[in-house]
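**Q** Using the sequences and the accompanying hints, generate a full structural model.
Residue numbers (our numbering), protein chains in the order written: chain A, 1 to 315; chain B, 316 to 604.
Below are the EDC-like pairs computed for lysine to aspartate or glutamate, each with C-alpha atoms no more than 20 angstroms apart in a straight line:
(1) K381(B) with E368(B)
(2) K191(A) with D329(B)
(3) K63(A) with D46(A)
(4) K169(A) with D136(A)
(5) K191(A) with E332(B)
(6) K191(A) with E178(A)
A few chain B residues facing chain A, derived, Cβ under 10 angstroms:
(7) P322
(8) A324
(9) E332
(10) P492
(11) L494
(12) L495
(13) T501
(14) R505
(15) S508
(16) L513
(17) L599
Keep in mind the hints are simulated off the structure, nothing from the lab. Glycine included, C-beta positions come from ideal geometry on N, C-alpha and C.
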Amino acid sequence: MSLADRQLAAPGPPALAGSRLAVVQDQRARDAEAAEAAEAALELIDVSKVYGSGGGTLLALDKVSLSVAPGEFVCLIGASGCGKSTLLNLAAGLDTPTSGQVRADGQRVALMFQEPALFPWLTAAKNIEIALRARDAERSGPATWLTGMRKAWAWRNLRAALRARSTRKAQVRARTAELLGTVHLGGFGGKRPHELSGGMRQRVALARALAQDADVLLMDEPFGALDAMTRDLLHEELERICGERTLSVLFVTHNVREAARLGDRVIVLSSRPGRVIEEYTVPRQGQRRIDSAQVAELAAKMTDRLREEMSRHGN
Amino acid sequence: MATRLLPSAITGLDNLELGPGRPAAERGRLASKAWAALWPKLLAIALVLAVWELVHLTGWKSYVLKGPGTVLARLWQQMQHVALWQVIEVTLKSAVVGYSLALLIGSVIGVLVARIPPLRAAVGSIITGLQTMPSIAWVPFAIIIFGENSSAILFVVVLGAAPSIANGLISGVDYTPPLLLRAGRTMGLRGFSLYRYLVLPASLPAYVAGMKQGWAFAWRSLMAGELVVQIIGQFSIGQQLDIDQQNLDFAGATSMIIVILVIGIVVDTLFTKADLALRRRRGLLDNAV
Chain A
1 MSLADRQLAA PGPPALAGSR LAVVQDQRAR DAEAAEAAEA ALELIDVSKV YGSGGGTLLA
61 LDKVSLSVAP GEFVCLIGAS GCGKSTLLNL AAGLDTPTSG QVRADGQRVA LMFQEPALFP
121 WLTAAKNIEI ALRARDAERS GPATWLTGMR KAWAWRNLRA ALRARSTRKA QVRARTAELL
181 GTVHLGGFGG KRPHELSGGM RQRVALARAL AQDADVLLMD EPFGALDAMT RDLLHEELER
241 ICGERTLSVL FVTHNVREAA RLGDRVIVLS SRPGRVIEEY TVPRQGQRRI DSAQVAELAA
301 KMTDRLREEM SRHGN
Chain B
316 MATRLLPSAI TGLDNLELGP GRPAAERGRL ASKAWAALWP KLLAIALVLA VWELVHLTGW
376 KSYVLKGPGT VLARLWQQMQ HVALWQVIEV TLKSAVVGYS LALLIGSVIG VLVARIPPLR
436 AAVGSIITGL QTMPSIAWVP FAIIIFGENS SAILFVVVLG AAPSIANGLI SGVDYTPPLL
496 LRAGRTMGLR GFSLYRYLVL PASLPAYVAG MKQGWAFAWR SLMAGELVVQ IIGQFSIGQQ
556 LDIDQQNLDF AGATSMIIVI LVIGIVVDTL FTKADLALRR RRGLLDNAV
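**A** Here is the structure:
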C-alpha cells in the first residue's frame with residue numbers, strides 16, 4: 001500500500017478501519033481531539049431542522065453534528081436535498097435550528113454564495129467598503145438614540161469631526177485597496193459588477209467576505225457557476241488566502257473533486273433528511289492538484305458513497 | 316512553480332475575459348446616433364401635420380378648424396409676447412410645488428407602508444385604488460374644501476401623483492432580490508442601515524418608474540384642475556385654454572394644447588434619461604442601446 005493510499009483511506013465508521021491503518025487512524029483521532037480541545041471555531045451539536053408544522057412537515061436536517069477547528073478547511077458534499085443550504089443558514093445565524101445547538105462563540109461568520117450577490121449599483125471597491133463600514137458599525141455596538149446623540153455631540157467641534165471623518169474614510173479606502181490587491185483586482189476597484197467577468201465578481205465577493213474580518217467563512221458552492229479553468233485558479237487563490245490567515249472554512253459543493261482538492265476534511269451528508277454519513281480526512285501535504293491521482297481516488301470513493309446514498313432513494 | 320505563475324495567470328485570464336474593450340465613441344458616431352434618434356420623431360410630426368392639413372383642406376368645420384400654418388404662426392406670435400410665458404410660469408410653478416409635495420408625501424407613505432405589514436394590509440390596496448381613480452373626480456371635492464384657489468389645484472395634483480410614487484417605492488422594496496438581502500444581513504446590515512445601504516438603492520429603478528408615472532398623473536391632474544378651477548387674476552395654461560374655447564378661438568386653443576404636449580414630453584424625457592442612466596449603471600441595459 002503506497003503512502004498516498006494510506007493518506008486517502010477514509011476513517012469512516014470504526015468497523016471499516018483496517019488493521020494496517022490503525023496507527024494512522026489513531027494519530028488522526030488524536031489530532032481531531034486536539035482540534036476539538038482547541039475550541040472549535042464553529043460547532044453544530046445534534047442540530048435538527050424541521051420545516052412546516054402539523055401534517056406537512058419536512059425533516060431537512062437530522063441530528064447533524066460537526067465542528068470546524070480554527071484554520072480548518074471542511075468540505076460538505078451531498079446529493080440534492082441534503083439540507084446543505086439549510087445547514088449554512090443555521091451556521092450563519094440567519095435561521096434557528098428546531099433542536100440542537102449552533103455554536104460560533106464570539107466568531108464572526110461570513111457567507112458566500114454561488115452568485116456573487118454584489119450590489120449592482122456600486123463599484124467593486126464600494127461593495128467592499130460597505131462591508132467594512134457595516135463591520136465598524138457592528139463593532140461600535142448597536143445604534144441607539146444615545147449613541148446617535150453622542151455622535152451628534154461630536155460635531156460641535158466641526159473641524160475635528162471632519163478630520164476624524166476623513167481619516168476614517170482614508171482608512172477604509174486603504175483597506176479596500178489592500179483587499180482588492182489580495183484577490184488580484186487592484187486595477188478594477190472602479191468597475192461595476194456587470195463590467196467584470198464571473199470569476200472576477202466572485203473574487204470581489206471573496207474580498208467582501210474578508211472585509212468582514214470573519215473567523216469563519218461559509219461558502220455555498222461559490223465556484224459552481226464558473227468554468228473549470230477559472231475554478232482551478234480560484235482554488236489556488238482560496239488556498240493561498242486561507243493560508244495567510246487563520247480562517248476556518250465550511251465549503252459546500254456538489255463537486256466531489258473540488259471537495260477532495262480543497263478539504264482538510266470532507267463530510268458527506270445523506271439526503272432527505274440530511275445526516276452525516278461519512279467523513280474523510282485528507283492530510284495537508286504540499287499543494288494538491290485537481291488532476292492528481294490522490295484527489296481522483298478520494299473523489300471516486302466519495303462518488304461511490306454518494307451513489308449508494310442516491311440509490312437508497314431510487315426504490 | 317505553479318504558485319509563482321498564479322497571479323499572472325489570473326490577471327491574464329481577467330484581461331482575456333474582459334476583452335479589448337469597446338473603442339471610445341467618436342464624434343461622428345455620436346452625431347449619427349443623435350440623428351438616428353431624431354428622424355423618426357421628425358417624421359411622426361410631419362405626418363401629423365400632413366393629416367391635419369388634409370383635414371383642413373377638405374373644409375370640414377372650416378369656420379373653426381384652422382390649418383397647421385395658421386396655428387403655428389399664432390403660436391410663434393404668442394411666443395414673442397410675455398403673456399404666454401407668464402401663463403406657462405404660473406402653471407409650471409403649480410406643477411413644481413404640487414409634484415414636490417406629492418413626492419414627499421408619496422415617499423413617506425411608501426416607506427411606511429412597505430415597512431409596516433399591518434399598514435400595508437390596511438391601505439396597500441387603497442393606494443392602488445387611488446392610483447386608478449381619475450383625479451378630475453376630486454375637483455368638485457377640492458373646490459368645496461378649499462374654494463376656488465390654488466390650494467384646490469395642488470390638492471388634486473398631489474392626489475393624482477402621490478399614489479403612483481408610493482406604489483413605485485413599495486414595489487421597489489418588494490422586489491429587492493432576496494439574495495442581496497441575505498448578503499446584506501450576513502454583512503451585519505440591520506434596520507436603518509439595511510434600508511439605507513441596500514433596500515432603498517435596490518428599489519431606486521422602480522421608484523423612478525413610479526416618479527415618472529406620477530409626473531404623468533400630476534400633469535394631467537394639473538390641467539384638469541386649471542380647466543375647472545377658475546382663479547381670478549391668475550392666468551394659467553388651463554385657464555387660457557378655457558378662455559380660448561369660450562371664444563371659439565381654435566388657433567389659440569390648439570397652440571395651448573401644443574404647449575401642454577411639449578412640456579409634458581420634455582419632462583417625461585428627463586425621467587426616461589434618468590431611468591436609462593440608472594439601468595446602464597447597473598448593467599440592466601443591452602450594450603447596443
